[in-house]
Amino acid sequence: MADQRKSCLTGKGVTKEFGFGRTKTVAVDNVDFDFKEGEVISIVGESGSGKTTLAKMLLGLISVTKGDIYFQGEPRDISSQRKRRTYWTQIQAIFQDPFASYNIFNKIDSVLLDCIKMRGGARLPYEQKVEMMTEACSFVNLKFAELTNKYPFELSGGQQQRLMIARIFLLKPKVLIADEPTSMIDACSRATILDMLMSLRNEVGMTPIFITHDIGLAYYVSDTVYIMEKGKFVESGSADDVILRPQQPYTKRLINDVPKIYEEWDLSTV
Amino acid sequence: MLEVRELTTKYITRFKEDIYAVDHVSLKIEEGRSLGIAGESGCGKSTLALSLMGYYFPPLHYTSGDIIIDGTNISGMKADDVRKSILGREIAYIPQAALNALNPTQKIIRFIEDVVKAHDPTVTKDEIYEMARGLFESLGLPAEVLQKYPVELSGGMKQRTVIAISVILRPQVLIADEPSSALDVTSQKMVIKMLRNLMDNGYVKAMIFITHELPLLYNVTDDIMVMYAGQIVEKAPAHEAVFDPLHPYSKGLMGSIIVPEEGLRDVKLAAIPGTPPNLKNPPKGCRFAARCKYVRPECRVQSIQLRELENGRSYRCVIGEDELRELYAREAE
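Quick note, the sequences are listed as chains A and B, same order. Just so you know, we're using the numbering used here here: the first sequence kicks off at 1 and counts up by one. Just so you know, we're using the numbering used here here: the second sequence kicks off at 1 and counts up by one.
Everything labelled a hint here was simulated from the structure, so no lab data went into it. Mixed in with the good hints, there may be bad ones.
Claimed, not checked - Computed Cβ-Cβ distance ranges for the label pairs, DEER-style:
id : chain 1 : residue 1 : chain 2 : residue 2 : range
1  : A       : K143      : B       : S26       : 34 to 42 Å
2  : A       : Q90       : B       : R133      : 55 to 63 Å
3  : B       : R83       : A       : G205      : 56 to 64 Å
4  : A       : N149      : B       : R330      : 38 to 46 Å
5  : B       : K117      : A       : T65       : 50 to 58 Å
As the list claims (entries may be wrong) - Taking lysine-lysine pairs in the DSS-like style, the calculated list, with each CA pair at most 25 Å apart, reads:
id : chain 1 : residue 1 : chain 2 : residue 2
6  : A       : K150      : B       : K280
7  : B       : K193      : A       : K252
8  : A       : K24       : A       : K232
Said to hold, decoys possible - Just so you have them, the derived chain B footprint on chain A, three or more residues with Cβ under 8 Å:
id : segment
9  : 190-197
10 : 237-244
11 : 262-268
Since this is a predicted model, take the numbers as computed values, not measurements. Don't be surprised by glycine CBs; every beta carbon is placed ideally from N, CA and C.
Turn these sequences into a full structure, and let the hints guide you.
Now the structure itself:
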């Protein structure tokens with residue numbers, strides 16, 4: 001039975017190579033995927049498996065060596081700066097290190113003002129902008145009035161990451177790529193961040209793509225899980241199928257390596 | 001083995017404000033046991049680890065309390081004496097991103113020579129090499145690593161090398177502060193296996209393991225201690241701490257566990273609302289009161305004492321043991 005849902009991001013034979021000749025490395029090796037609109041997707045793999053490279057290609061931050069990426073069924077066109085900007089109003093990202101996403105010399109409201117500008121609200125009166133920013137901040141449990149005069153380094157890691165989510169709230173993209181959004185955050189704030197991302201998804205109706213090495217997180221949030229090893233998808237399917245009934249040895253090993261609490265954790269396999 | 005009584009240490013900021021990051025902490029580790037310390041960022045876990053070594057440098061200052069290792073009280077010692085006779089021999093410390101501490105221009109064996117010679121200048125290089133080779137091989141690390149530069153090793157390998165170096169003088173107590181949080185799951189497992197190995201083979205007699213990943217603590221340590229805003233809020237054997245937490249904060253922490261096991265998707269992750277108090281002027285009563293679901297008027301009046309239970313557990317709350325369990329059961333429904 002063919003899937004009736006609309007495709008949101010599709011890739012055919014997507015490949016990324018770095019270097020030439022003897023030093024050539026294939027980071028992403030001829031992968032095909034079809035991400036449906038509205039579903040929560042996770043791409044899981046170890047460090048160096050090529051998941052971040054794939055994310056960067058999806059975002060259009062680096063070129064694709066071979067293959068095509070389709071956005072909502074149409075071939076993606078990011079050949080000019082203007083087209084890229086239009087593309088980026090549709091697809092956005094949150095990265096591992098929130099601090100790296102800020103300009104350290106600008107106060108943090110400039111980040112949110114930029115988002116309003118990207119949505120075509122550059123000419124709005126300032127009061128209305130403040131209203132929008134306040135709404136976005138209250139969505140992530142931050143008080144805008146306390147933040148306006150601060151610099152990024154004055155916020156804690158969790159607050160910075162929440163502000164990144166406020167940014168997404170303002171931009172309302174179709175696709176959100178979350179590259180290890182919680183790996184620099186401690187376990188208790190992790191639940192908060194995930195809750196926010198999921199309620200944002202319901203609010204805005206976007207398709208989140210989680211890129212992570214935390215297979216527990218992938219299992220918790222996602223509908224479809226892709227397991228990536230050495231630039232290839234080795235296994236994919238619904239979260240229950242892949243994580244509770246893994247077929248590939250690589251997937252089994254990944255799951256086995258995560259500390260468990262309900263089952264015995266087998267330490268003898270490394 | 002290691003006993004800490006009412007240890008209090010503070011940071012003095014440049015505005016001369018006192019911040020008590022470790023507030024009247026008492027703990028005791030017996031030989032062959034390991035203790036896990038959990039808590040969110042900024043709760044004083046790492047400061048406690050630094051304080052336990054008895055090695056203070058500004059802005060961290062010692063205030064009061066005793067640290068007793070093998071019968072010697074090290075709390076009043078001078079920093080220099082601590083460095084010469086305690087660090088490395090009695091207590092070894094593995095900081096958070098230890099793998100980044102290796103100087104890229106030196107071979108691994110040079111670090112080991114540094115450590116050994118600092119404590120005993122008479123040892124020759126050949127003796128050190130033999131010693132290191134024996135240690136590395138028994139810990140499952142190839143001896144070739146000794147002749148390599150740090151850049152030639154992977155992250156997990158570097159971390160394991162640093163751990164091996166830290167136990168070369170056979171310290172009594174090993175303090176591991178988030179030794180695996182910069183690594184992916186497979187390397188993390190190797191690090192954990194190695195730490196277990198150290199304990200089993202008697203390279204260290206006791207271990208303190210600090211992390212915010214509860215499933216990890218559950219698998220590594222015998223006891224778990226939960227810290228909140230500089231204080232101990234709960235201390236219990238690992239199994240009970242995870243499956244039967246008493247303090248509302250530990251209960252909240254356990255609710256944030258994510259494991260890839262059946263049944264997780266039906267559980268709603270419970271985030272603890274709010275943020276920890278500012279330790280510059282901590283609240284008068286219970287420090288968790290502002291975020292607690294079960295807060296009562298008497299919580300805010302005076303500071304709460306640690307309640308000792310009969311089975312060696314303790315927790316810091318005004319509500320009784322059975323009443324708390326009842327509250328949690330009702331919540332679950």
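- Task: Quick one: which hint numbers does this structure break? Sort them smallest to largest.
- Result: Of the numbered hints, all hold.
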